[in-house]
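Student: Following the hints, position chain R against chain L.
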Amino acid sequence: MFKNSINSLFLIALSGFCSSIISERAFAGGRSEPWQMWFQDAASPVMEKIIEFHNLIFVVEISIVVFVLCLMGYIILRFNAKANPEPSKTTHHTLLEVVWTAVPLLVLVVVALPSMKLLYYADKVVESEMTIKVTGNQWYWTYAYPDHGEIQFDSYMIEDKDLKEGQPRSLSVDNPVVLPSRTNIRLLFTSADVIHNWAVPSLGLKLDTVPGRINESWVHINKEGDYYGMCSELCGVRHGFMPVHIKAVPKKEFSAWVEKAKAQFSNISSGSETKVANLEKPFDKAATGILKDRKRK
Amino acid sequence: MRVGQGVAMGNNHEVHPSGWRRWLYSTNHKDIGTMYIVLSLIAAILGGSMSGIIRLELMFPELQFIQDLQFYNVMVTGHAFLMVFFVVMPAMFGGFGNWFVPLMIGAPDMAFPRMNNISFWLLAAALILLLLSAFVQGGAGTGWTVYPPLSNADYHPGPAVDFGILSLHVAGASSILGAINFIVTILNMRAPGMTIHRMPLFVWSILVTAFLLLLAIPVLAGGLTMLLTDRNFGTTFFEVAGGGDPILWQHLFWFFGHPEVYIIIIPGFGIISQVISTFSKKPVFGYLGMAYAMVFIGVVGFVVWAHHMYTVGLDADSRAYFVGATLIIAVPTGVKIFSWLATMWGGSIEFPAPMMFACGFIFLFVVGGVTGVALANSGMDLAWHDTYFVVAHFHYVMAIAAVLAIFSGYYYWIGKMSGRQYPEKLAKIHFWLFFAGVNILFFPQHFLGMAGMPRRIPDYPDSYAGWNLVSSVGAFVAGIATLLFFFIIWKTFSSGGKVQSNQWGPGATTLEWTVDSPAPFHTHEELPVTNSHMPAE
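Chains as they are written, first to last, in the working numbering: chain L, 19 to 315; chain R, 778 to 1314.
Hints were generated in silico from the structure; no laboratory data involved. The model shown is predicted, which means the values in this text are computed figures rather than measured ones. Be careful, since some hints might not be right.
What the hints assert, rightly or not - Computed Cβ-Cβ distance ranges for the label pairs, DEER-style:
1. R:Gly1019 / L:His110: 58 to 64 Å
2. R:Asp845 / L:Val78: 41 to 47 Å
3. L:Cys88 / R:Arg799: 48 to 54 Å
4. L:Val84 / R:Gly1274: 50 to 56 Å
5. R:Gly796 / L:Val84: 52 to 58 Å
What the hints assert, rightly or not - Computed list of lysine to any residue pairs in SDA-like fashion (alpha-carbon distance at most 20 Å, straight line):
6. L:Lys179 / R:Gln841
7. L:Lys270 / L:Gln282
8. L:Lys270 / L:Gly243
9. L:Lys100 / R:Ser1125
10. L:Lys107 / R:Lys1205
11. R:Lys1268 / R:Leu818
12. L:Lys107 / R:Met1311
13. L:Lys107 / R:Leu1065
14. L:Lys142 / R:Phe1099
15. R:Lys1275 / R:Leu1304
16. L:Lys151 / L:Trp236
17. L:Lys135 / R:Ile1105
18. L:Lys107 / R:Trp1122
19. L:Lys107 / R:Asn1308
20. L:Lys265 / L:Pro63
21. L:Lys142 / R:Gly999
22. L:Lys270 / L:Thr149
23. L:Lys151 / L:Lys100
24. L:Lys135 / R:Ala1093
25. L:Lys100 / R:Glu1127
26. L:Lys142 / R:Ser1095
27. L:Lys142 / L:Asn233
28. L:Lys265 / L:His166
29. L:Lys135 / R:Ser1095
30. L:Lys265 / L:Asn193
Positions of the beta carbon are idealized from the N, C-alpha and C atoms, including for glycine.
Only chain R is shown next, with the shape it has when bound in the complex:
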């Protein structure tokens, strides 16, 4: 290799690849972030359609549209996998994380740009594998929890589950690479003066999430590999007949699965903190408490997994421990809620679309949070385990809350990413429509769960018809809101006005607001020097 050429290229930042090379070979954190967001939008269309099919079937009792019940289970499974691994995680961690972590800490790019590239393209490959899984030999109707024996070769013969397992393996590798990249970037590439305790909370949230991924995904990978060899190579890790234990899978899965739900929501905490601080025109209240609450949630998140397994027949003493440990999580989450409110207290609050989504997030998160405290009690799970109460709970606290955080982040940052202003009025309509839709959709599911309706069933006793109809109507309202969102994206790019480098005014104090909009291909070529929490002020 000729040294001279390398130097010449290093100095020639104005030239950047164009056409397909720009994207396929990309090592640029902004382009890769954009690709993550696009992938997330595509997966959202797929996963959203699946939930539409589910709600359509559940709109009335008896089977109307789906006669192939395996297809229904495949929809339930596919919806969960798509939303968890290919919508929420790519949007927040891969998308906003890639775009804004380097910008916020004053780094020119991620620490390992090529690893960033492979991390994205592995995820694209994983998405294809997952879709293959749904379309070969009946698909995987195992639920996203993939419990054996249902998921082993006796009850799911054919390659569908294997494709699903490989998809998760590849997506997991992608996540681990991404996590390593973020950890190294955040720990080593902060601009001078940007100490750990001056990092914006969004960066904190990505750092915590990256550690969760790094520690949780390998456990999933281990479990998946054992399941794969059980299915194909005659091992019996999870098979009673060979001395194995199906409950072992549940321990492995939920040791990953519980941190996974925090992986989904913690970047949302970060986004909401930035948005609330910006539009209250105040720094975040109790910054250290906020940062370490996330760390605490992450740590405790690893020792509460069996609260998903209260009815498998665990010893009462074990369950007592998991009740206690799970309840503790309410404390740091409470700190976060109160700190957001305290940030708004005394502020001079503006309510553009991102702030409205942030307030909606607080509402959903509190409702889902208190039902979480209730569900933490093993005794209550005798009534609620595997009912629609659980479905309502986790959609409130994790799924829809995360989606509101994504919308909030999208409207907050789309000006920086595209250089164009989104249509404010339409965005507000989008908020109200979506917010009303998801509440009509999920609130009645609490009632269904109280009355005892189980999850993952395509037909139900006639007495559950009323609230199911209401719920389905809510789903279609939320669906229309989502179509409106895609229209807003088109409108933004086709006719949105240009925005300035800091479109949000004095409240926006993080470093991304110091660079042009849209952010140039290369930023922070000279490292910004900071000496406070609010480097851009």
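In isolation and in its complexed conformation, chain L is listed as follows:
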């Protein structure tokens, strides 16, 4: 049994060690690295606060595990049948029982207060400068920019065989969602079919896209770069193959992209009427019961 505790202590020490080396290295940018053991680098204020809060609870977690393991290790050495042939008959100790109920309660208060702060901070809709709408589909994302004319496009994963040099496998998409950096962006989420979840770990973003509902979140991207994520709610056979790719660019570059995108993506549908209809797809469905009709057929 002693070996068991040594073993686990080693693992914990290892993970602590990793956290320290990882926090020291430079920003690696929007996706995970081989043998990564820690969070992806934060690129938004929400993710920074998540990591900050985690630094607190991680200490709590490790202290509890180490304390219990040391105690168990000591008990196993001190009170095994060879070391202690005569068992005691103690079955109660009121003070001790009060202490081990009260102390964890206090620890929980220490955890709960910053937890609430983080919850409300991440939830709060700050004064937003622009809005984008994310629609989940089996199995791709549709992005719309209601504040920038009628830009709307679909974003599919690039199949392995079509990957170009430098594109990460199973994360790259044909049309990344381009966003301005250092801008408060409001995000609206809905779905055209089943529940999906739009997640980008390095930005601390994760919210379900639910048919018939609009969920809201926000992001402020600190640095230009590419940020990747994956669908995080089981949505059918190609659930693992609908990645998110955010390309964060300076505001100026973003304006240039908007002009280009207006031209590029207006070709997708023939007239502006259809485009509007596309934009409203999920809500339309809800209102007119297209879904039901399809089913009855």
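Tutor: For chain R alone, coordinates are given in the frame of chain L:
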């Protein structure tokens, strides 16, 4: 009906049915308990193989073995259903519960022996329905959470999901009948002097579990029925197009689903308490605190369900409540951990296989417990929801901890059940192999989750390859350990030595150790009178 015949039969306990009638018609709590354990072993082979297939596919990035992605999702779904409803619950609640609750409280049998029979055979039928579900028209690739719209007729046409729903319905009926039986037995059939506050903690754990089942399963049944009519009869409870709401399903499911995870682990608490007390040769420390900690966990378990739903778009104030309520559960769980350690403190501890599994259980439960405290925070779920961190957490705290508790209980009681001694050395090897295997399997999954790898995907970005390989290697070590366990079972029955009525010595103070090993077909025909916590002493 002739009265005389009934009396004659009532007095003739030595004769009992043999052959297939003994099992199919069984009303004997020990035989039914044995059948539950056998069913659990069969389901464990199936559910374990499924996890093997999953780990095999995830061993390397890109798709190697599975080209049909629906098949992968069916494996993920089937693994969860089998392990939850057909491995852990039958082993602990149906198996050990049936075997040892009547023995421990000094009752001759369960209160409703025939209901006990139907409860078991319904579960066998449910298992067949579940297997049918996996093999008809692509199977159910919905995850065990069966979230609509993915699980409705648009996205899962064909009978697979319907078979799954019916399977859960039947398994649920089985559980409700079992729960009623245990509640009535424990409340009404305790031997003279066996007051509620003298019951062994294993009996307490089964009583709490039975109440959880009785209150949680009907909510699941309601939700399942609504889903069934949505799929087949044009209702729209969970369908936006008809004014329904897919999130309603999640509330119903998790109102059942969260108590369900306590249904899985609480009997494990009971087993671990008996084992630790026995091998420390000390009564359980803080008995009342231990019993009421389980009651408290059970009660609070009903008001924390939405912590599974932090990212569906719940109002921030609702999430704040669920964070607080969930964190509270750490307090009674802490009481249990500390009380187990205090039971060992001052003891004269022996370390046969059951005690080793119990110590392993404490380790896994603490690691899974602290990650649970971390996951309780809604803010953290922005990083962790639906990642491998969650997978690592619940396998530590609930799944593997429960399996260690089952192994602990198996080695503890197999002498009483079979009358034969298990091979101690092999059992210890089994412990070390399994313990190492599951830690290599699940510990790296924390890292994968931290780095952002989502659950339930058959392929992953190449950067996650390293820890996935380690994890898969751990899975195969755990798999070999499980094969060794089946070999140990065979060895026990083929060449295990006979054991005495109390094989564990002075620490084993509960009533099952007062009857012969193997326990005779009928026990406690004269009610034992007890006047302490340790009736067998």
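Student: Quick check: which numbered hints come out false for this structure?
Tutor: Of the numbered hints, 4, 10, 15, 21 and 23 do not hold.
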